[in-house]
Each structure stands twice: as C-alpha cells, then as structure tokens.
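Residue numbers (numbering that gives the first Met the number 0), protein chains in the order written: chain A, 0 to 208; chain B, 0 to 208.
In case anyone wonders, no lab produced these hints; they're calculated from the structure.
Identical copies look the same in the list; a pair holds intra-copy or inter-copy alike.
Quick list of in silico lysine to aspartate or glutamate cross-link-like pairs, DMTMM-like style, CA-CA up to 25 Å:
| id | residue 1 | residue 2 |
| --- | --- | --- |
| 1 | K14 | E42 |
| 2 | K178 | D158 |
| 3 | K178 | E142 |
| 4 | K190 | D158 |
This structure is a prediction, so every number in the text was calculated from the model and none was measured.
2 protein chains.
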Amino acid sequence: MPRAGASTDSRRSPKWEARRQAIVDTSASVFARQGYHATGITELCDANDLGKGALYHYIGSKEELLAAIHDRVMDEVMAGAERVAQAGGSPPSQLAMLGEELLDVIHRYPDHVWVFLHEFPALTGERADRFRVRRREYERQVEAVLQAGLDSGEFRDLDPWLTARAWLGMHNYTYLWLKPGGRLTARDVAKPFAEIFMRGIERPTRRRR
Amino acid sequence: MPRAGASTDSRRSPKWEARRQAIVDTSASVFARQGYHATGITELCDANDLGKGALYHYIGSKEELLAAIHDRVMDEVMAGAERVAQAGGSPPSQLAMLGEELLDVIHRYPDHVWVFLHEFPALTGERADRFRVRRREYERQVEAVLQAGLDSGEFRDLDPWLTARAWLGMHNYTYLWLKPGGRLTARDVAKPFAEIFMRGIERPTRRRR
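Excised from the complex, chain A in its bound form (with noise of 0.2 Å):
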C-alpha cells in the first residue's frame, strides 16, 4: 500500500498534488461534520465530484485521506516550530511564539484540526507510527523551551512534562471555540493567553507589574 508521499513519479506533478490537497481539505470537512467511522466513499466521491477510481487515484485510501488531513495539520504545525526556532530569542519569547504560531494554525484550518484531535486513534500501523512520532517531537519542542527556561533561571522549578501539557491543552482546546470569522483572531487570543502563562510560571523575582 503506498504511503502518503510515497506515490510513484507520474502521480506527484504539481497539478496532481494540487487536485490531491484540494480533496484533502474538501474531505477533512465532511470528516469533520460526520466523524470518519460514519462517512462512505460514495459520500466522500460526491463531496469531492468525482468517481471512485478517480478518488482512489488521488488519496489512496480512507485511512491515507485521514493520514494526509492529519500531516496537513503537523506540517502547519512543524514549520511554525521551526520558524520560531530559527527565531531565537530567550525562552519566554520562545514560547509566545510557539502560541501564537500554534493559535494560527488552528485558526486558519478548524475541520482538519478537529478532525486531528478527534480521529487520531483511527489511524493505524506506520500511519499511527508516524503521527505519534510528529506529534511528540512537536511536544518535546515545547518541553525543550521550557528546560531551557528552568536552566536560564527564567522560569520557577516545575516539572518540563507536566507544564507542557498545560500549555498545550489551554492552546490546543481553542478548537472548540476559535474560528475563522469569529470575534477574535488568532493573535487576540495569544497575548492574554501568553500573559497568564508567562506570569504563570516566570521566577517571581523576575515578575513583571
């Protein structure tokens, strides 16, 4: 079965990849709306408009469509990592650019990310293999930020693992309620957000009034 990525030549000209993203998208709504388990081929050949050997041409296969939605999101994701990275600057920056690199993406693409946090136990072997792998480099991205920060003295003792997971839930969470459109933007949410939790886990010598 070929991989995501994997096709043979003829299949990845630019035009190719171009129709092959558009139905990533177009699917990752139906996805979202109806759950992955519930949607057909038939539904996702009609969503898309077209048959089901043309369908098949571009994704593969339902779980490589879902695999494909999934890398959408960590591809966002992974490159507003690395840009802050490339960025520099020191650890509580770090992670306000973190936040609002992540707020961005799920911002700009609410279906494929709440069908990233909502189907992810769907997806299988090497595919499975791969997003958990993604998804915890991603993390120890955020947990490095935050050694760094205990090792600079910025930060007050606290344990790496356990505040990223607060970070990330109190980010990753604004799916629910944060969308194109809405009253708020990607940034009005990152600052107050990037506020608490700065203030949250500064050195208190080190608080700002």
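With chain A fixed as given, assemble chain B onto it according to the hints.
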C-alpha cells in the same frame, strides 16, 4: 419519544436504574473505542449481553444513551461545582477547588469524558439543548469566580470569558493522558495547574514567592 429520566414509574425502580447505569457505563467504553456513529445497536447488545428489546427497555434509543453518557459527566461536574460553591472561600481558592473537582471527574471517567468531548455534535434537538445549557451553566460558574476575583482586586485586569477558556482548556485537555492507574492522580495535576494559573492571573502585588 421519552427523555432520559422522564420514563414511566414502572421503569424507575432502583434495580432498573442500577442496570441502566451499568449499560450507560459499558456503552461509554464501546463508543470511546470505536465512535458513536460507527457503533450499531447490535454491538451495544453484545457488549451489554442483552437482546434488542431489553436494551431499548433500558435506554430508549442510541441517542438517549449518548445523552445519558453526557449527563453522567455533567452530573459529576455539577456536583463538584456545587460542593465548591457550598464551601465558599476566596476566588483563588474557589478556582483551585473547581480545578481539583474537574480533574477528579476526568480521571475517574476517561471513557465517558472521551465520548462527552468528541460526540456532543451527535446530540440533536432537546438533548443538544440540554447539554448546551448544562455545559454553559458550568462555564458561567468558572467565569463568575474570575469576575469575583476581579471585583475583589485579587485578580488582575482580564477578560473573564477568555480567561475561563484558558482555564477550561488546560483542565479539560488532560483527558488525553490523565487515566486511572496512571502515574499521576488528579491531585498531582490539580496542584501545579492551579499554581500556574493562579500566579498567571493574580494581581502582581499579591503574588507569592
């Protein structure tokens, strides 16, 4: 269509109630494992070792079962919130107690909470309304504690709605890793989470060392 809790008297014997609750709990595990939409009545019958007629006698319909799972979570969450309100105390201590109560429910009901957070869009009509009202009631209590801390000057200037979302996300999202029998208890998590959040929102002059 009968609502949960609105059945005829003959159905509401203690024995009937106990059996019904056991069915709700067992079914929560099934839904958590394979999703609400993908689970058929036949699988629910098998899991509960009941015939179709007997299952319907206890649960009315698959959606009523889903609503009962949601109520199970909300009953516990609201009971905890009521204990906190009865206990009284300062807004910071109220918020800390709310966190401990919420994490305790998440820790004790991992399958119910998984279903609660993932499958609520499957509730329709009156059941969806009831769920929204109860969930909103709880959120309002969190917001009210934040507002009380603003009014008393214990919390710094903040948006109670957005701050409540930060708090809810941080706590609710633990459902992904806070499990019975795991290395962390609800209290192990509640304390450092409260520490982060309280430092994050307290007025600087009041901050602890």
